[in-house]
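S.K.: Just need the whole structure built from these sequences, with the hints factored in.
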Amino acid sequence: MPKYRIYTLLKYVSIFLVPASILFFRFYKLNYSEFQGDEIEAQEYLLFEGDLKTFLLTRSKGPMQYLITYLMNTIFLNSKISELIVRIPFAFAGILCLLAFYFFIYKNFGKKTAVISSSMLGLSGLIIAFSRIAQYQSFVLLLSILSVYLIYKSFNEQRNLYLLSGAILSGLALLFHYDSLSFIIPIFLILCLRKKTSAAAQYLIITIAVASVFYIPFIFNPAFKETLKYLWEKRILTGNYYSVSQSFELLSIYHSKEYLIVLLAGILLWFYNVSKRFSNLAKLLTSLFIATYALRIVNNEELLKLLYPLSVLLFLLVILSYVLQYYKTQPDKVGIFEFWFLISFFMYGVIIKFPLTHIYAYFIPMIFISSYSLTTFVKPKFLYPLVTLVFASAFSFNYQAFIDTRKEYPWQKKNYIFGKMYDGIAENLKVKGIFGFPYKRGWEDVRNDIFTLSLQQGGAGRTFTFDSNEKPDIPLFYLNKGSSGGVNYTFTQNDPDFYIYIKRPQSLVSTLKVKGTPAKRGDMYEIYLKGTYKLKV
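Be aware that the sequence shown starts at 1, since it is given in full-length UniProt numbering, and climbs by one per residue.
Among these hints, one or two may not hold up.
[As the list claims (entries may be wrong)] In silico DSBU-like pairs for lysine-lysine, Cα to Cα no more than 30 Å straight-line:
#1 Lys432 - Lys29
#2 Lys520 - Lys536
#3 Lys471 - Lys520
#4 Lys440 - Lys61
#5 Lys534 - Lys513
#6 Lys503 - Lys520
#7 Lys414 - Lys440
#8 Lys420 - Lys29
#9 Lys520 - Lys257
#10 Lys413 - Lys257
#11 Lys283 - Lys305
#12 Lys440 - Lys471
#13 Lys430 - Lys513
#14 Lys513 - Lys413
#15 Lys481 - Lys430
#16 Lys432 - Lys225
Everything labelled a hint here was simulated from the structure, so no lab data went into it.
M.R.: What follows is the structure, given as structure tokens:
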């Protein structure tokens, strides 16, 4: 490909694709979907009877996401577009994350790598989904790249201000979620590996000091023990051995096939080039890990019970080999991303048995080293057509997944430019950890209809019960938020006053049917009174 055509392609990529991925997929139709999943958890204080401080100390996550949604709900009280208002800070955090990532890479690795890596990150369906919901992930991603950037600058410019600022932002990230440990631990270890023990100690102390504003009182609250028990038993020591296949399925739901193939190719290319620094034994260990990890996708629990500890041990040895190499030679500027990826992937890709969408914790370093490997080792005449193909694929996939709402993916089957999108959920397969996709079921209309029915039954001052095929948190939130007339609603499966049937629910309980005559109905819901229906599975 002639040189001028390469630069022309890069120019249009940088002018169009990057801003489009930052703005279009993060803001367009941001108010379309109703609150879903953990977005409601981030606003549970609206239904909490105690004060805000008590509420924060009884949650299982850091306080910052609650404080942000609380601020937006307070400023724009009773807004008709509350979904949009509450989501805006998180969408902006997603934009700032991509801008910070682009300028970090541009300044240290050049325009080509910056354009390709930031576009790959910006076009990741999982990262787009986080920017479209009111939850902590976008802020954790933003603070991770800012923290790593500041620590990286402290390496080169030997200024304590950068270390201090990076530590403060790391502590702030912990106030959003424990996932921040996925970059805090690598930063601390890499400081130690560079024999900057004083800097490592300062970083750790300042990070803990900032986070302790919340976590010291939290430790003395009974909720802390429950949170620790949940993380240990339900995430790490759970009997689930299908984490690799589940993670792969989630990646398939959020990304096009072409995107994933190229991303994986870049990672394998990186593994190949990194292993050149290793001894023959280390190369063998790396190859064995890749083979063992790939086998963990099989649907055989007895085999998986053997493969799980073996892959953990092998990857530990791979990390050790990398660390030993780190001591032998002065690490290049890619080293900080490599180490960040190795540690975060070990945590969320290898050890934790039930990571779900927490796999986002290793996305920034993974996408960078994949993109860097492709731009460094693939010839331009192959690279640019490949990149164009992937960008076209990702744009088409994301448009169908998040923007086009004539059919709602993944509840309904859809196609993109290169074929079928994931259709498991449309085929009634239940997959955990789905969020950020178009979800409009008419919950405000449900609330108004049920309130009317409640008043017809002498509802003033009463508490009514309901059941639903949807996740209980969603109707609980919409029915009780700003409830009037002294009418309240609680969830029960024992002879409820109302049954709310939702078409294509987020609970993914699509095989349940209701037989009877609804008292009220809408395009996406039916409301039944006690004694007027029967459930059929």
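S.K.: So which of the earlier hints does this model not fit?
M.R.: 9
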